[in-house]
Structures are given as structure tokens and as C-alpha cells.
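Student: Sequence:
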Amino acid sequence: MLGEKRDEALPLYNAVVLHARAEHWYLAGEVPDTVDGRFDMIATILALVMLRLEAEPAGGEPAARLAERFVDDMDGQLREFGIGDIVVGKHIGRMMGMLGGRLGAYRDGLAAGDIDGAMIRNLYRGVQPSAAALDHIRGALFGFHAVLAGTPIDTLLAGELP
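For the sequence shown, position 92 matches number 91 in numbering that gives the first Met the number 0, and the numbering has no gaps at all.
Don't read these hints as lab results, they were simulated from the structure. One thing to keep in mind: the hints can contain errors.
[To be verified] Simulated DEER-style distance windows between Cβ atoms:
#1 Glu159 with Glu53: 10 to 20 Å
#2 Ala111 with Ala139: 33 to 43 Å
#3 Ser129 with Pro56: 35 to 45 Å
#4 Ala130 with Ala157: 18 to 28 Å
#5 Ser129 with Glu67: 16 to 26 Å
#6 Pro56 with Asp32: 16 to 26 Å
#7 Gly103 with Thr150: 20 to 30 Å
#8 Asp153 with Asp71: 30 to 40 Å
#9 Leu9 with Ser129: 17 to 27 Å
#10 Asp115 with Leu9: 24 to 34 Å
Computed from a prediction, not measured in an experiment: that's the story for all the values here. We put the beta carbon where it would ideally sit given N, CA and C, even for glycine.
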């Protein structure tokens, strides 16, 4: 039963990853096109989608399943990189902490209308990007957040991201 519930989040998780892999993040947005940069972009898009799900009365469980999918994916990625069983759990714990930090940073930043600090810290790892890159990412994330807010939860759960 648990596996079936986890599978329900797969279409949305796949859509999150696909959205995070869009070239514009890495070209116009100057997010580093590295393993870390791709992780950072996936975690950012995932955080925005989870915030949207959590805004719904029935969204807590789908958000939790989405987080489980993230853990499954990151576990598999770490193992592909040759990380052994002994330390995979520590890496996963750190990644979940990073996701939690992004959830808080973007929740607060979106509420305040200022996500620049969160973007610089989480997408650029503290390195100041060009003004054009920051403008691009800011506009794209605020736009994505706004469109997510108007997207029915059933549409999202079906894996259809705006």
C-alpha cells in the first residue's frame, strides 16, 4: 500500500525534475550546470510545488509523498555516484535539511515579496550572479509561483506543471 501511495507522486515529481532541467535556468539564469546546480534547481522547484500543495487542506499528504519521491531519487543518484550504504543516509539527511531550509527561505521570501537572498544562497551558493541572471530567475520563480497558485491540485498531482 505504501508503495502505491508513493507511486501517486511520481508524475508530479517527474514534472518537477523536467521543469528544473529547463535550459533557461542554466543559460539566462546562470545557475551552474553542475551536479550541485541541478540539485539546487530541483530543490527550488520542488520547494515551490510543495508550498503550493501545503496551501491546500488536503495537500499535506501529497507534499509528503513528493518528499519521499525526492528521497528515493536522491538515494538512487548517490548510489550511481558510488556512495556506499554506510554514508548514503547521512547524505540524504543533509539533502532533506537543505530542502527544508529552502522551504522556509522561499516561504518567507515569497510572503515578503523578496526572494533574492534565498536565490543567492540556494541557487548560487552565496556567489553573486549577474543582475540579468538574478532578474531572470526572480521573474521566472515569481511567475511560476503565481501560476501554481491558480493551478488546481488535481492538475498538479497528474504531473501537469504550468
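Student: Hint by hint, note whether the structure agrees.
Tutor: Each hint tested on the structure:
Checking the proposed 10 to 20 Å range against glutamate 159 and glutamate 53 shows it holds: the Cβ atoms sit about 19 Å from each other. Between alanine 111 and alanine 139, the C-beta spacing of about 18 Å breaks the proposed range 33 to 43 Å. Distance hint for serine 129 and proline 56: a CB-CB separation of about 41 Å, consistent with the stated range 35 to 45 Å. With their beta carbons about 37 Å apart, alanine 130 and alanine 157 fall outside the hinted range of 18 to 28 Å.
Judged by the Cβ atoms, the range 16 to 26 Å given for serine 129 and glutamate 67 is violated: they are separated by roughly 36 Å. Roughly 38 Å separates the CB atoms of proline 56 and aspartate 32, a value that falls outside the hinted 16 to 26 Å. For the pair glycine 103 and threonine 150, the beta carbons lie near 23 Å from each other, so the given range of 20 to 30 Å is met. Taking 30 to 40 Å as the suggested C-beta distance range, the pair aspartate 153 and aspartate 71 does not conform, at roughly 23 Å.
A beta carbon spacing of about 36 Å between leucine 9 and serine 129 contradicts the range 17 to 27 Å that was offered as a hint. Under the hint 24 to 34 Å, the C-beta atoms of aspartate 115 and leucine 9, about 33 Å apart, fit the expected range.
Checked against the numbered hints above, the structure breaks hints 2, 4, 5, 6, 8 and 9 and satisfies the rest.
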